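2 protein chains.
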Amino acid sequence: MRLSTYLLPTLRQAPSDADNISAQLMQRAGMIRKVASGIYDWLPLGLRALRRVERIVREEMDRAGAHEVSLPVIQPKELWMETGRWPVYGKELLRIKDRKNAEFCFAPTAEEVVTDLVRREVRSYRQLPLCLYQIGLKFRDEIRPRFGIMRAREFLMKDAYSFHVNDEDASKYYDVMKRAYTNIFKRCGLKFSAVEAQAGAIGGSFSHEFMVHAETGEETIVACSGCGYAANIERAETTANGDKSDFAPEEMEEVATPGKSSVEDVAKFLKMNKKRFLKTQLYMAGGKPVMALVRGDHELNEAKLSGALGGVEMHRATEAEYETIAGCAVGYAGPVNLPRFKTPEGKMEEVRILADLSTEALVNAASGANKKDTHLKGINMGRDFTAESVLDLRMTLESDPCPRCHEKKARFTKGIEVGHVFKLGTKYSESLKAEYLDVDQKAHPMVMGCYGIGVSRVVAAAIEQGHDDWGIIWPKEIAPFVVAIMCLDNDEAEVKKAADELYEQCLEAGIDAVYDDREGRPGVRFKDIDLIGIPFRVVVSKKTVADGNVEFKRRDSKDLEMWPLAEAFSRLRTML
Amino acid sequence: MRLSTYLLPTLRQAPSDADNISAQLMQRAGMIRKVASGIYDWLPLGLRALRRVERIVREEMDRAGAHEVSLPVIQPKELWMETGRWPVYGKELLRIKDRKNAEFCFAPTAEEVVTDLVRREVRSYRQLPLCLYQIGLKFRDEIRPRFGIMRAREFLMKDAYSFHVNDEDASKYYDVMKRAYTNIFKRCGLKFSAVEAQAGAIGGSFSHEFMVHAETGEETIVACSGCGYAANIERAETTANGDKSDFAPEEMEEVATPGKSSVEDVAKFLKMNKKRFLKTQLYMAGGKPVMALVRGDHELNEAKLSGALGGVEMHRATEAEYETIAGCAVGYAGPVNLPRFKTPEGKMEEVRILADLSTEALVNAASGANKKDTHLKGINMGRDFTAESVLDLRMTLESDPCPRCHEKKARFTKGIEVGHVFKLGTKYSESLKAEYLDVDQKAHPMVMGCYGIGVSRVVAAAIEQGHDDWGIIWPKEIAPFVVAIMCLDNDEAEVKKAADELYEQCLEAGIDAVYDDREGRPGVRFKDIDLIGIPFRVVVSKKTVADGNVEFKRRDSKDLEMWPLAEAFSRLRTML
Chain A
1 MRLSTYLLPT LRQAPSDADN ISAQLMQRAG MIRKVASGIY DWLPLGLRAL RRVERIVREE
61 MDRAGAHEVS LPVIQPKELW METGRWPVYG KELLRIKDRK NAEFCFAPTA EEVVTDLVRR
121 EVRSYRQLPL CLYQIGLKFR DEIRPRFGIM RAREFLMKDA YSFHVNDEDA SKYYDVMKRA
181 YTNIFKRCGL KFSAVEAQAG AIGGSFSHEF MVHAETGEET IVACSGCGYA ANIERAETTA
241 NGDKSDFAPE EMEEVATPGK SSVEDVAKFL KMNKKRFLKT QLYMAGGKPV MALVRGDHEL
301 NEAKLSGALG GVEMHRATEA EYETIAGCAV GYAGPVNLPR FKTPEGKMEE VRILADLSTE
361 ALVNAASGAN KKDTHLKGIN MGRDFTAESV LDLRMTLESD PCPRCHEKKA RFTKGIEVGH
421 VFKLGTKYSE SLKAEYLDVD QKAHPMVMGC YGIGVSRVVA AAIEQGHDDW GIIWPKEIAP
481 FVVAIMCLDN DEAEVKKAAD ELYEQCLEAG IDAVYDDREG RPGVRFKDID LIGIPFRVVV
541 SKKTVADGNV EFKRRDSKDL EMWPLAEAFS RLRTML
Chain B
1 MRLSTYLLPT LRQAPSDADN ISAQLMQRAG MIRKVASGIY DWLPLGLRAL RRVERIVREE
61 MDRAGAHEVS LPVIQPKELW METGRWPVYG KELLRIKDRK NAEFCFAPTA EEVVTDLVRR
121 EVRSYRQLPL CLYQIGLKFR DEIRPRFGIM RAREFLMKDA YSFHVNDEDA SKYYDVMKRA
181 YTNIFKRCGL KFSAVEAQAG AIGGSFSHEF MVHAETGEET IVACSGCGYA ANIERAETTA
241 NGDKSDFAPE EMEEVATPGK SSVEDVAKFL KMNKKRFLKT QLYMAGGKPV MALVRGDHEL
301 NEAKLSGALG GVEMHRATEA EYETIAGCAV GYAGPVNLPR FKTPEGKMEE VRILADLSTE
361 ALVNAASGAN KKDTHLKGIN MGRDFTAESV LDLRMTLESD PCPRCHEKKA RFTKGIEVGH
421 VFKLGTKYSE SLKAEYLDVD QKAHPMVMGC YGIGVSRVVA AAIEQGHDDW GIIWPKEIAP
481 FVVAIMCLDN DEAEVKKAAD ELYEQCLEAG IDAVYDDREG RPGVRFKDID LIGIPFRVVV
541 SKKTVADGNV EFKRRDSKDL EMWPLAEAFS RLRTML
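Read top to bottom, the protein sequences are chains A and B.
Numbering-wise (this note's numbering), the first sequence opens with residue 1 and increments by one.
Numbering-wise (this note's numbering), the second sequence opens with residue 1 and increments by one.
Chain A extracted, bound-state conformation (with noise of 0.2 Å):
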């Protein structure tokens, strides 16, 4: 490509909406544009890059035994409600309605419309197992889109689903895909990891989550060096933390503690170590209330204690909440003596209470009285008060050892989520009754898996990861171009020769190769090649020509090479 008659607008600054580093690169080197919020237009080096990406994933989905096909955007109301998640999905759903006023939506996902068309087509046992994929527009009307087309609202994913006669045939295909993943981002030149998105029930994980390291990442990863465990800090594992010390059992005492209510003040003013707390919350979990403990250094992970609850719809206690289930303020409930409360059927109830594992330890602890300006001291677990089950409910510490092999060798590090892989079982076969027969010609739900790949975000990600002062720093699998060849003497006809040879020889052979052929000050031109990051650059000039060479750069260093001119492209297509 001739960059004369190119169009890449580069910029010297961001706009000032651009958020993070990829947002302000992309739009400062010209592949990217904002149209509205979250909603991009993708220049012409911008789309080379994503048509990258993009290939890689047709490539080893292809190779993992999918097949391609591509459904519709636009979607029916039916088929949502089928499953359910029209009510649920909430306001991520773009909802259309058309001239007739029939009410569809714009896919976020597309389990509904891929099960229904499986639903139709696959009758036996003989036509499974069953993978397609398709490559295409999603949107989710993101309430606050944001970091250019990481968060946009807007995207091009890979969405697979596959479908089998039982669970472990999905497990084998589970690995398989897991695979293809490994494949696809290695083949993309990225450092990344695969991390446990859930824990598993029985049988260990079913969701793992791609991530590609970056420090500017907004997910936090735990990773343990010595037995390769690795996890989203949202859903990693913690342990019992702490041995039950052999204190004697103490009174339970009351204290007042006026104005002091958050765990920090109650403990300075009690002269006790904040460890020894019993950290309480209450949440509204379906309409019921439900208080969850975790030792006073910890913090409750949100994601566990819906996880406990089955995932009911569920919020924190407004204060006024605090105030008829529990009679004080926050800062003041605790576990003992907690009122019943009052269902809205009239009857009295035992507020439900879940401890964290690391609470179990704690000998004469110290929490809220549930009356004002007053906290108790000397709780016992068990004696006190009963909590209906001990489990794991907290946010990870980096000074927790790994949650697998116990070993103090877990690290938090930065990652952005690129893909995720999903048992999903029989939730949307079962609903939508994509079911199949047996050799005994016996109907049983289908078995199926979901796989994404957010596939713009991939671009982002790389960008994120691979960047300094300058620019982007590509890898040069999915780099727009390879090679960017820079005439530095237009008006010199064997400058201008070499340098045009140089870019037809590559063309020739397939290199993906940009040809600098612009007017314009060399600085201006150099500082364009290296924001937008093309891995090689090969210089030609009147000085360089006249000593027979080129000049030759990597972006990732700063050693110059002189090349040999008569070299220069058998050296490129070598390194190729």
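Rather than coming from a laboratory, the hints here were simulated on the basis of the structure.
Misleading hints may appear alongside valid ones.
[As the list claims (entries may be wrong)] Below, in silico cross-link-like pairs of lysine-lysine (DSS-like), each with a Cα-Cα straight-line distance of 30 Å or less:
id	chain 1	residue 1	chain 2	residue 2
1	A	Lys-91	B	Lys-97
2	B	Lys-34	A	Lys-100
3	B	Lys-442	A	Lys-91
4	B	Lys-34	B	Lys-97
5	B	Lys-433	A	Lys-34
6	B	Lys-100	A	Lys-91
7	A	Lys-97	B	Lys-34
8	B	Lys-427	A	Lys-34
9	A	Lys-77	B	Lys-97
10	B	Lys-442	A	Lys-427
11	A	Lys-433	B	Lys-260
12	A	Lys-34	B	Lys-442
13	B	Lys-97	A	Lys-100
14	A	Lys-77	B	Lys-100
15	B	Lys-172	A	Lys-77
16	A	Lys-497	B	Lys-172
17	B	Lys-496	A	Lys-97
18	A	Lys-172	B	Lys-496
19	B	Lys-427	A	Lys-496
All values derive from a computational prediction rather than experimental measurement.
Guided by the hints, dock chain B onto chain A, whose structure is given.
Leaving out everything else, chain B in the frame of chain A:
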């Protein structure tokens, strides 16, 4: 691809709502499935054909110097307000509100967004010309979606937009694009014509439609085998038909024609040839009446009338409007003694009369008398009434001579529109202020062209052009697979080995082969392979292998050829 693991749900019968041949065959061949009215799943086989067309389109666009971009499908109302298209587009435009009640549409076309991009990024004449294209989803909320994917609501389109410093450059590029389109449809293996889609004002026509020839096509093409003239019948030019006779003008005379209102009936009743009638039609155009006259044996072309009236909103006058304006029912109105009408402002004005070219030669014509049950004979234009203009207003007849070379060589054929190239001029660049600075730093609106191809429609059009009683007959250029290898005796080791090997050789050589390794009755499998239309078929069976042969057949021929097994692969390779 091995059919044993492929999703190929062929049907003996198409669904009852499949209303043309391609819709029937695409469903029967397992290429598409309907999800909702005008909304389809593309199954693996269908998508393969679609991708082959897409690739040809992309290569030819790149070759024509266009740059690929990806513009959002969800576009903000504001841009559509700037061009004025939001209020006038009607219900075909799918309008959407996001969670913040901001208004958007699902783009049916992208002039607004691409011109917005270009006005922001292109400043100087040095950056022009520039052509941007994309291949992506479009949505048009058709009132009556039909013909499967041929008139679907969600469909795949290639849309390109070019920007130029002046009309001359735009015209030059228009020709480049016309050539690219010709290459595309040639490479797709289709028979087609580029037809004039609009009569040019000055300097010839500036819009061409590309029509795939098919008896089942919706469009009628007027094509001259002499001079090469070709046009959509909606826009085909006509010339004056018939010389002025040398009859002496007679006196005008009222005749009673009770109950005779059609030209047919009145002509019979008066024993006059239909050709001597002035057929009269009243329209309301921009709130005012207009009378159109054509010869009694001709039909008015509303598109031409609309063009002559500058494209204002226009409808046929209702019965009530006839009574108000002409003082009589439809069938008795005529150009002579037409009363003046009162404008909404209370002014009295003459009714505008536009007459077709062929009416000019009429001497002593007949028409309505603007009086109940009465006609006039002996009407002579100029003497008895005045037409504001005499121009081309009628539909072409198959008996007409070619409007260009005037030879009697124009024929009607049927076609399917698959592409459209259009010189837009400055319509969008003016409303959106897309301007460039010339060498003297003076601003000018860019001159634009736009160029569309219905990519998914090409697939259907190819089937309308290529099929027989057994199914689809693909041109090999866009066939989902070019060769079908059928193993008829899977349980015979030697036969299976021969078929396996041939398939593997094809795969390695990059030949798009489908391997029918399914169990089941040969008859059913042969029917499937014919139905899905693979151009070349190679059968390997116990019988052929015993003779050291394979059986070769072209889809479009009945001849069976026996090829030596050892030569099968090299013959295929040579052929492809």
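Okay, the hints, checked on the actual structure:
no., hint, in the structure
1, A:Lys-91 x B:Lys-97, "holds (11 Å)"
2, B:Lys-34 x A:Lys-100, "holds (18 Å)"
3, B:Lys-442 x A:Lys-91, "violated (48 Å)"
4, B:Lys-34 x B:Lys-97, "holds (26 Å)"
5, B:Lys-433 x A:Lys-34, "holds (19 Å)"
6, B:Lys-100 x A:Lys-91, "holds (10 Å)"
7, A:Lys-97 x B:Lys-34, "holds (19 Å)"
8, B:Lys-427 x A:Lys-34, "holds (24 Å)"
9, A:Lys-77 x B:Lys-97, "holds (16 Å)"
10, B:Lys-442 x A:Lys-427, "violated (64 Å)"
11, A:Lys-433 x B:Lys-260, "violated (64 Å)"
12, A:Lys-34 x B:Lys-442, "holds (28 Å)"
13, B:Lys-97 x A:Lys-100, "holds (16 Å)"
14, A:Lys-77 x B:Lys-100, "holds (21 Å)"
15, B:Lys-172 x A:Lys-77, "violated (48 Å)"
16, A:Lys-497 x B:Lys-172, "holds (29 Å)"
17, B:Lys-496 x A:Lys-97, "violated (54 Å)"
18, A:Lys-172 x B:Lys-496, "holds (28 Å)"
19, B:Lys-427 x A:Lys-496, "violated (40 Å)"
Violation of the numbered hints given earlier is confined to hints 3, 10, 11, 15, 17 and 19; the remaining hints are satisfied by the structure.
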